[in-house]
Structure formats: C-alpha cells, structure tokens
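> Chain residues, written in single-letter form:
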Amino acid sequence: AQSVTQLGSHVSVSEGALVLLRCNYSSSVPPYLFWYVQYPNQGLQLLLKYTSAATLVKGINGFEAEFKKSETSFHLTKPSAHMSDAAEYFCAVSDRGYSTLTFGKGTMLLVSP
Amino acid sequence: KAGVTQTPRYLIKTRGQQVTLSCSPISGHRSVSWYQQTPGQGLQFLFEYFSETQRNKGNFPGRFSGRQFSNSRSEMNVSTLELGDSALYLCASTGTESYEQYFGPGTRLTVT
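Line by line, the protein sequences give chains S and F. Under my numbering, think of the first position of the first sequence as 1, with each following residue one higher. Under my numbering, think of the first position of the second sequence as 114, with each following residue one higher.
Since the hints were made in silico from the structure, they are not lab data. Please note: incorrect hints may appear among the correct ones.
What the hints assert, rightly or not - Stretch-level coverage of chain S by chain F, calculated; a stretch enters the list once three of its residues show a Cβ under 8 Å from a Cβ in chain F:
1. 46-56
2. 99-110
Stated by the list, open to error - Residues of chain S placed beyond 10 Å of chain F at every Cβ, according to the derived structure:
3. Val29
4. Gln42
5. Asn61
6. Phe63
7. Glu64
8. Lys69
9. Ala86
Backbone N, C-alpha and C fix where the C-beta goes; we use that ideal spot for every residue, glycine too.
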C-alpha cells in the first residue's frame, strides 16, 4: 500500500526566506508524485509533478521539487517566500497506470512580513 | 477550457437525509474521481469513474455511491447522512494522456 508522510503540520517562514516542505513516500512500485496547493475555501491546484523524467521538477509560482529514490523523498522548495504563498500544501502519490491519489496530511505554510 | 465545476458549493442537510452532489469535468476528460476532505482524516479517495464504469473504489461504506453519465458528468450520493459525513467533497478530472488530476472547488456539506 502506498503512503505519504509530510513532516510538520505547520511551517512558518519570513517573507523572502527559503521555503522547504518535506514529503516522504512509501510505494511498492516507482511512483508518480505530485504537490498540490489549497487556498482557503478552494479546491486543489497542481504545483508540479514527477513522472520519471528529470528528478528535479520545476512547477508554477517558482516552486520546485527533487525526487530522491534513495531517500524516498520529494521535498518542495522555493528560494524566496511571498506573502501570497501562504496556503496549505499537499504531497500525493499514485501508482503508475492508475489515477488514484494518496495524499499526505498537508502542511500549512505561514508567511510573515 | 473551462475547469471542473461542482454544484452546489454549499449544502446543509439533517442527519438521516440523503444528498446528491454533481461534478462536470473538463471537456474531453473521461475520468472523474471523488475525494472527501475532513480536518481529522485529511483527503481520502472515494471512487473513480471512467467511461461510465467505476474503476476504483476507496474504503467507504455503501452509503456512498456514485455514477457517471455518457457526457462524463458525475454524481455522488450519500444516503442516511451522519454527522461525520460533514466534509468538503472534491471532484477531479483526468485526461486520457495525462496522470494529472484537475480539481474543482468542492462542495461543502454540513450535516446537522
């Protein structure tokens, strides 16, 4: 069975600081990995995805993530946080060939001025 | 292209009633998945439909059901509502050439 662990239910950063949101996965087959963002009272928006091409994946809004098979990790980073980045972030995994997503519990990113 | 739409956006129901939620996928997408989001359990997969057939099902009781129509629109139904069914219900559609799921804004169901 697949699972996703997101370390830290809340992460606080100052505007302009590095953002690092951690995600570790467990999967019996090479997975597809995703990061989604959710703003209050909205659905999920796809930030980026890993589907076995380049291990460093660039997404929207300046975010990127690196797939590390040896560490079973897919951490999300952004060099400089903006106030508008404050939201909840979800890491998700799916088996290749299937579209069912298994989500982590989410990390709330708080950005202070 | 228009995004995934869900109706209604908000619902208030009483325990024991039933409810039907609707989802219209992105044009051309044939797969529709449903998820339940609660503060305690997070995001949990309910079921997925592809070409009017249920392809995958999550670990939810039989009170939760769904269907998909020939135009790919999908509905989910919850019968005999319980307080614990209060949640944000999200629908997502997937194209045939991608594993990306595009989510709608959700339906916020409150059971009193």
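> Verify this for me: three or more residues of the segment 99-110 of chain S with a beta carbon less than 8 Å from a beta carbon of chain F.
holds (count 8)
> Checking the smallest CB distance to chain F, is Gln42(S) really beyond 10 Å?
Non-interface label fails for Gln42(S): nearest chain F Cβ at 6 Å, not farther than 10 Å.
> Once the closest CB in chain F is found, is it more than 10 Å from Glu64(S)?
Given that every Cβ of chain F is farther than 10 Å from that of Glu64(S), nearest at about 17 Å, it holds.
> So is Lys69(S) really clear of chain F, every C-beta pair being over 10 Å apart?
holds, 18 Å
> Can you confirm whether chain F covers the segment 46-56 of chain S, using C-beta to C-beta distances below 8 Å and requiring at least three such residues?
n = 3 at 8 Å, threshold three: holds.
> Test the statement that Phe63(S) is away from the interface with chain F: the closest C-beta pair must be farther apart than 10 Å.
holds, 15 Å
> Is the nearest CB of chain F more than 10 Å from the CB of Asn61(S)?
holds, 16 Å
> Minimum C-beta separation from Ala86(S) to chain F exceeding 10 Å: can you confirm that?
holds, 18 Å
> Far enough from chain F: is every CB of that chain over 10 Å from the CB of Val29(S)?
The claim holds: Val29(S) sits with its nearest Cβ about 14 Å from chain F, beyond 10 Å.
In this structure, the one hint that does not hold is number 4.
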